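There are 2 protein chains.
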Amino acid sequence: MPRAALQLLMLALPLAAAQADPLAAGRDKYVQCASCHGSDGRSAVMPQYPKIGGQNLEYLINALKAYRDGRRQGTYAAMMGLVAKPLSDEDIANLAAYIASL
Amino acid sequence: MPRAALQLLMLALPLAAAQADPLAAGRDKYVQCASCHGSDGRSAVMPQYPKIGGQNLEYLINALKAYRDGRRQGTYAAMMGLVAKPLSDEDIANLAAYIASL
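Residue numbers (my numbering), protein chains in the order written: chain A, 220 to 321; chain B, 220 to 321.
Hint data in this document are derived by calculation from the structure and do not stem from the laboratory. Computed from a predicted structure; not experimentally measured. Don't take every hint at face value.
Identical copies carry no separate label here, and so any pair may be met within one copy or between two of them.
The calculated lysine-lysine pairs, modelled on DSS-like cross-linking and capped at a C-alpha distance of 30 angstroms, are [unchecked claim]:
| # | residue 1 | residue 2 |
| --- | --- | --- |
| 1 | 248 | 304 |
| 2 | 270 | 248 |
| 3 | 284 | 304 |
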C-alpha cells in the first residue's frame, strides 16, 4: 500500500471507530425519540408517554422489537410501531444502549 | 342511633378512610409486584424486567390494562397478563398511583 494511502486510512480510523461505537450510533438515532421522550429520556411531553432514560437495557431492546414487530397494541403502540419500523436489530441495540445510559 | 353505635362508627371511620386511600390500597396490591420489580420499583430481579418506580401515572395505567386485556404479547407479557388478570380498573388506578409515587 502506498504511504499516502496508509496515512489516509489511519486518519479515517477514528471516524470509523466512532461510528462503530454503540452509544454514539444510538445518540444519533435518539434524535427522533427526544421530541416525545425528552433529551434526558425523563421529560415526556405527554403524561401517557413513559420515562425511558436509565431503563434496563434488555427491557428496552425487547420493547422496541415488540413495537416494531406489532406485538404491542393499543394506546400509542401504533405510533411507536411506525417509528420503530425502519430499525434493524443493530439500530435497536445501539438505541437501547444510549437510552439505558441516560 | 344509640350513642354506643355512633362511637363504634367513629372508631371505624379512620380504617374506612385508609382503605379508600388509593396509595394505601395500591401499596397493599404492590406486594405481588415487589418480588420481581423490587420494593422500590427500581430493583428488577432480572435485567429483562423494567424499572417501574416513579414512572408516569397514565403510562402505568395504560400498560397494566394492556397486559390484562392481552394487548401486549411476547417476552414476559403472558406472565404480566396472568398477574394483571384479576385487577379491576380501580385496582389498577390504585396500583399505578402507588408505583408512580415510588
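Taking the hints in turn, this is what the structure says about them:
In this assembly of identical chains, the alpha carbons of residue 248 and residue 304 lie at most 30 angstroms apart only when taken from the same copy (13 angstroms versus 36 angstroms across copies). In this homomeric assembly, residue 270 and residue 248 come within 30 angstroms of each other (Cα to Cα) both inside a single copy, at 17 angstroms, and across copies, at 23 angstroms. Taking the shortest Cα distances, residue 284 and residue 304 sit within 30 angstroms of each other both inside one copy (9 angstroms) and across copies (24 angstroms).
Going down the numbered hints, you'll see the structure goes against none, and every one checks out.
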